[in-house]
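Undergrad: Chain order of the listed sequences is Z and P. 7 is the number that our numbering gives to position 7 of the first sequence; each next residue is one higher, with no gaps. 113 is the number that our numbering gives to position 113 of the second sequence; each next residue is one higher, with no gaps.
Simulated from the structure, these hints should not be mistaken for laboratory data. Take these hints with a grain of salt, some might be off.
[Stated by the list, open to error] Heads up, simulated SDA-like pairs for lysine to any residue below, C-alpha to C-alpha not over 20 Å straight-line: (1) K278(P) x G10(Z); (2) K278(P) x V233(P); (3) K278(P) x A98(Z); (4) K55(Z) x K278(P).
These numbers come from a predicted model, not from an experiment.
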Amino acid sequence: MFFRIEPDNGVAIYEQIARQIKYAIANGALRPGELVPSVRELAVLLAVNPNTVAKAYRDLQNESVLETLRGEGLRVARLAVERCRKARQRLLEERMSAVATEALQGGLTEVEFLTLVREVWITVSGKETALKQRLDRD
Amino acid sequence: MDSIFEFQNVTKRFGKHLALDQVSFRGERGQVIALLGENGAGKSTAIRIMLGLHTLDSGTVKVLGLDGQKQGEEIRRRVGYMPDRPALYEWMTVREIGWFAAGFYPLGFQHRYEELAQRFELPDIPIKSLSKGMQGKVSLALAMAHNPELLVLDEPTSGLDPLVRREFLESMVDVAATGRTVLLSSHQIGEVERVADVVAILRKGRLILCEPLEVLKSRVCEAVVTLSDMETVPPDLAGNARLIMSQRIDRVWRLYVRDLDDKGRRDLVADSNHADVKFQQPTLEDIFVACMTSNTGYFEAATESPKELA
Chain Z
1 MFFRIEPDNG
11 VAIYEQIARQ
21 IKYAIANGAL
31 RPGELVPSVR
41 ELAVLLAVNP
51 NTVAKAYRDL
61 QNESVLETLR
71 GEGLRVARLA
81 VERCRKARQR
91 LLEERMSAVA
101 TEALQGGLTE
111 VEFLTLVREV
121 WITVSGKETA
131 LKQRLDRD
Chain P
1 MDSIFEFQNV
11 TKRFGKHLAL
21 DQVSFRGERG
31 QVIALLGENG
41 AGKSTAIRIM
51 LGLHTLDSGT
61 VKVLGLDGQK
71 QGEEIRRRVG
81 YMPDRPALYE
91 WMTVREIGWF
101 AAGFYPLGFQ
111 HRYEELAQRF
121 ELPDIPIKSL
131 SKGMQGKVSL
141 ALAMAHNPEL
151 LVLDEPTSGL
161 DPLVRREFLE
171 SMVDVAATGR
181 TVLLSSHQIG
191 EVERVADVVA
201 ILRKGRLILC
211 EPLEVLKSRV
221 CEAVVTLSDM
231 ETVPPDLAGN
241 ARLIMSQRID
251 RVWRLYVRDL
261 DDKGRRDLVA
271 DSNHADVKFQ
281 QPTLEDIFVA
291 CMTSNTGYFE
301 AATESPKELA
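Chain Z extracted, bound-state conformation (with noise of 0.2 Å):
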């Protein structure tokens, strides 16, 4: 629930907060069943309008994300955790695609560009093995 807000960064507070609600859904920080903050609190939470919360919430209902849990309010929905788990994959596959726009805008062939995704993966995963061997040795 410690979301990093950051009301400048192009995408709409509401947005910013139902992604991250999706996000936590989707790793598990977020179990279903689980009640969510309500909106005050939230809101209080992240220091932003209330409004903005509460439409961050409806949007999640909408999606059946959310569900009310009559009389104590909102709780992560049994099949959200899927759900959520397509929507990460969705924004990642947008950021993918804004990274694949601006290859081609760069002039890079497709051979040039799945080249340079491999050595990225690479590398990536490479540190990621490292730091998981140094907290396995830890």
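Add chain P to chain Z, keeping to what the hints say.
TA: Same frame as chain Z, but now just chain P:
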């Protein structure tokens, strides 16, 4: 729904100085309205008028259904006000000032004030011994203690450290979350961007803009156009797009545009003289600066009230 406050064509002069010029805007219940503008733009004047502290040269102002010129005292009893410079008797202690102020309000004030003082962790010592941030909190507690329907804050966080500013923001948000209305004038545009529903911008006494923040941000975009051949006039804009501000360095034009639709964007990209076009979503601060430095006559062209600048 009745508005919480409403200015209609308010004009106010101090001697020869025109402080407010035909200002019209309103706030609805439960909104957070941010009033932005340079120093001397008229923000504090507008706020004092809202509290019934000035007579008007023309126009009307209504607050909580009351006449701002005739029912000022009643307004001040029902509105919470935090002035930009704390108006506190510094020799009083935190507790004493609460007791003192309670005399102006209905029963329950002192109790709520003390609850707030506790929440803000204010020690019961003379106000002059408190840090600036804590003095600000006393002022805020006094403004909130009678649970006002409208909370008016005049630059509440100026000069305060980030921790205290954050606490103020949280309090403002909490007030709004309980359905009450907040009007704040502020230079902290980043903070405003987080909490405002509606943004109103004053420039030299004129209200050049007043609309929901969401709408403002979605309808204004920044376009950076690099020309192949330099031109000293800004690129043409198609359709309903209007230029708010333009700036040029050599062959590169920076444009702040209102209502640039997809076709307009495509047209800019397709122009044979445009070597490169980049679009960016500006921050509220960018938009504010663009409005302040508007050089295209965009704001002068409006003869309607700024809300109709659609």
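Undergrad: Does each hint fit the structure? Answer for all of them.
TA: Each hint tested on the structure:
no.	hint	in the structure
1	K278(P) x G10(Z)	14 Å, holds
2	K278(P) x V233(P)	18 Å, holds
3	K278(P) x A98(Z)	13 Å, holds
4	K55(Z) x K278(P)	30 Å, violated
Taken one by one, the earlier hints fail for this structure only at number 4.
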